[in-house]
Amino acid sequence: MLTSRLPGRVEPYKLAARAEHLEGLVALAELARLEEEVGAQTGDGQVWLDFAIDPQGRREIRGHLEAELQLPCRRCLRPMAQHVESDFRLGMVTSDDLAAELPSTHEPVLVENEQLNLLVVVEDELILSLPQVVYHDEAECPVSRDQLNSGESTDESVDSPASPFDVLRQIKGKL
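Numbering of the sequence shown is given in my numbering, commencing with residue 1023 and proceeding in unit increments.
Note that these hints are calculated values from the structure, not bench results. C-beta: ideal position from N, C-alpha, C; glycine also. Mixed in with the good hints, there may be bad ones.
As the list claims (entries may be wrong) - Here are the in silico distance ranges between beta carbons for each label pair:
hint, residue 1, residue 2, range
1, A1103, N1135, 34 to 42 angstroms
2, E1162, S1185, 42 to 50 angstroms
3, L1152, Q1078, 25 to 33 angstroms
4, T1025, A1122, 22 to 30 angstroms
All chains, please: the whole structure from these sequences, using the hints.
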């Protein structure tokens, strides 16, 4: 079990040159963009990062993260526990031009002034790892599928809209 905090800022090129491994916890309550996306969170996310230089000479970060998040159910909007996990591979770049040269196996991460904000990187990966839709099991959710009916009639007996050519036929008949 991880007990130490992940450092906020690092010098990734030096870490890659030494093939360093970092692991630690990230306080989920400090991730403002994640909060905007899914609401306030508590607890910690666990992060493992390996800095390296690949055979082509690219500096990369291979990582894994796990977090237990409280995500809103799309039926009742009440929070429910959801385990989020992600494996990622980042290529360190200093410009957009270099990012375009990365292979599809790497996501670009911008390193400015030889510094990298790890909390921003972790927050990005957490947001990208969020499930598209979250629902309670139907038996556990206070809102049933029937209650989600929009109220509109689904009968097929409703008249189809008039053809735009009907107007032309009427005009032609008056001539």
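Against the structure shown, which of the earlier numbered hints fail to hold, in ascending order?
4
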